[in-house]
Amino acid sequence: MSILVIAEHDNASLVGATLNTVTAAHQIGGDIDLLIAGNGCSAAAQEATQVFGVNRVLLADDPSLEGQLAENIANLVVSIAGNYSHVLTAATTFGKNFMPRAAALLDMSQISEISEVISADTFVRPVYAGNAMAKVQSSDKIKLITVRTTKFDPAAATGGSAAVETIETLADSGLSRFLGLSSSDSERVELTSAAIVISGGRGMQNGENFHMLESVADKLGAAVGASRAAVDAGFVPNEYQVGQTGKVIAPDLYIAVGISGAIQHLAGMKDSKTIVAINKDSEAPIFQVSDYGLVADLFEAVPELDKAL
Amino acid sequence: MKVLVGVKRVLDPQVKARVKADKSGIDLTNAKMTMNPFCENAVEEAIRLREAGSIEEVVALSIGVAKSEETLRNALALGADRAILVLTEEVLEPLAIAKVFKAIVEKESPGLVLVGKQSIDDDCNQTGQMLSALLDWPQATFASNLELVDGTALVTREVDSGLETINVNMPAVISADLRLNVPRYASLPNVMKAKRKPLEKINLADLGLDTANRMTTIEVMEPPARAAGVMVESVAELVDKLRNEAKVI
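From first to last, the protein sequence lines are chains A and B. Under the working numbering, think of the first position of the first sequence as 65, with each following residue one higher. Under the working numbering, think of the first position of the second sequence as 381, with each following residue one higher.
Check before you lean on any hint, since a few could be wrong.
Stated by the list, open to error - If you only want the chain A side, here are some residues facing chain B, beta carbon under 10 Å, derived:
1) A167
2) D171
3) V181
4) A226
5) A227
6) E278
7) E364
Stated by the list, open to error - Capping the alpha-carbon separation at 27 Å, the derived lysine-lysine pairs in DSS-like fashion look like this:
8) B:K447 with B:K573
9) A:K283 with B:K621
10) B:K396 with A:K344
11) A:K337 with B:K573
To be verified - One side of the interface only, derived from the structure: several residues of chain A facing chain B at Cβ under 8 Å:
12) I144
13) G271
14) R292
Rather than coming from a laboratory, the hints here were simulated on the basis of the structure. Note that beta-carbon positions come from the ideal geometry of N, C-alpha and C, so glycine has one too.
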């Protein structure tokens, strides 16, 4: 068996989720090739050679891959997929975007967001926002898989010695154009890789009040997240959203502040090792999944927590 | 121009899914069913495009059991002009759903297909991408803003690192994220009117497609439960527990 892992990167370096995906590939077993596709991405490829357990790094460096548009990435993946028994990528917005496209072009199904490898053709994946786990067996010749990265430890970023092979790129599809990416500037640690996350919900009342959480986050080296309700209300940008259809995270410590605990939010954080809930409503469902619950007015409790740290 | 919009009948997202005792799936007996939330965003966007004069007709498509007619009637009550129901008792995988969509696209020739980015039952997040691949159309997934400009679509996409803007040729497949719009409610007069709007039924078998599933569900299990936690009385006690018991700060 041989496995192709499509790396997520920003041309300069790998996104952490790629390392978790490599671990899922290890568990399936076989030679692992890592594809780096982008425009001016040789630095990311060099970093990829160090990842433990990677056999080869395939480098596709071409202006057509600027912005990593789904049409061009999918065509590239299809052009080399025939050499592999499995094609894996992280279930991030990058992976979710191109992988189903590649699968359909190959007339293969996609197995979305696997959380466990049972064997080379059998996997477990969460359904219904993680309220059930489905064990599925695929009969497709090539298994195209996205990986729920919180369920796999990251592979070691060093210790590998893979060779870089440049592969042939394809013409731009001409179907779509990348215009730009805007991110909220933050010096804080990234939500998906943070060991501690403090999130706010509708109870925060407005965006200004999130500064209280940021202050606590800075003391703990934590990232700041939010419930869907807080994002919908415009308190914070979409990249803060934790939940079934936002980011799925599993930090060592998750502090939920003013979050009631809707099913779709719990789906994004209930695998966290320790969960703290601060809410003034003692009946809030968030307390059913929390290790430590505090019934309190967050506008008193959060400043007090800030002082105590 | 015509817009084809996909709607899926799913378990109400406010209802907790219960695993069947024989582990064959989720028990949907007498469960409250509704339109998938992301499909509501797709329907709303299509209706707004028509209200803005950018398109002429909104056609809603659902693929599933006969009761999916309720979901389509809901789309018609919200403002879709007519509906198509492709009938099947089978639970199709996204690849097969995309093939059915493609057959309807070839029949209807829409200038745009709008779908939800994900359905909240199987959580696959595949159909829109697969459909655009099969049609060799561009795709714009996880859309939080859509503008039609000079025969192209300018789309803002919600991605992990922020907001991405792309421009795609038309026809295109666009998948809706939650912030694309706030779906309206159907008024009672519109619910009544929807009962008389045209709804075409097609048997899946009559489309002559290979929709065989590629995956077998071996079993569906309950997720591991979390051990019950404790309530603390004060912030001081909380900080003490986090430091000395959980040792996480």
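Hint check:
1. A167: Where the cut-off is 10 Å and the nearest Cβ of chain B is about 7 Å from A167 (chain A), the hint holds.
2. D171: 8 Å, holds
3. V181: 14 Å, violated
4. A226: Violated, because the Cβ-Cβ distance from A226 (chain A) to chain B comes to roughly 26 Å (cut-off 10 Å).
5. A227: Not OK, violated: A227 (chain A) not within 10 Å of chain B, min 30 Å.
6. E278: 17 Å, violated
7. E364: Since the shortest Cβ distance to chain B is 8 Å, the answer is holds.
8. B:K447 with B:K573: 19 Å, holds
9. A:K283 with B:K621: 17 Å, holds
10. B:K396 with A:K344: Roughly 24 Å between the alpha carbons, so the hint for K396 (chain B) and K344 (chain A) holds.
11. A:K337 with B:K573: Given pair K337 (chain A), K573 (chain B) is violated - Cα atoms ~52 Å apart, limit 27 Å.
12. I144: 17 Å, violated
13. G271: 15 Å, violated
14. R292: 7 Å, holds
When held up to the earlier numbered hints, the structure conflicts with 3, 4, 5, 6, 11, 12, 13 and fits the remainder.
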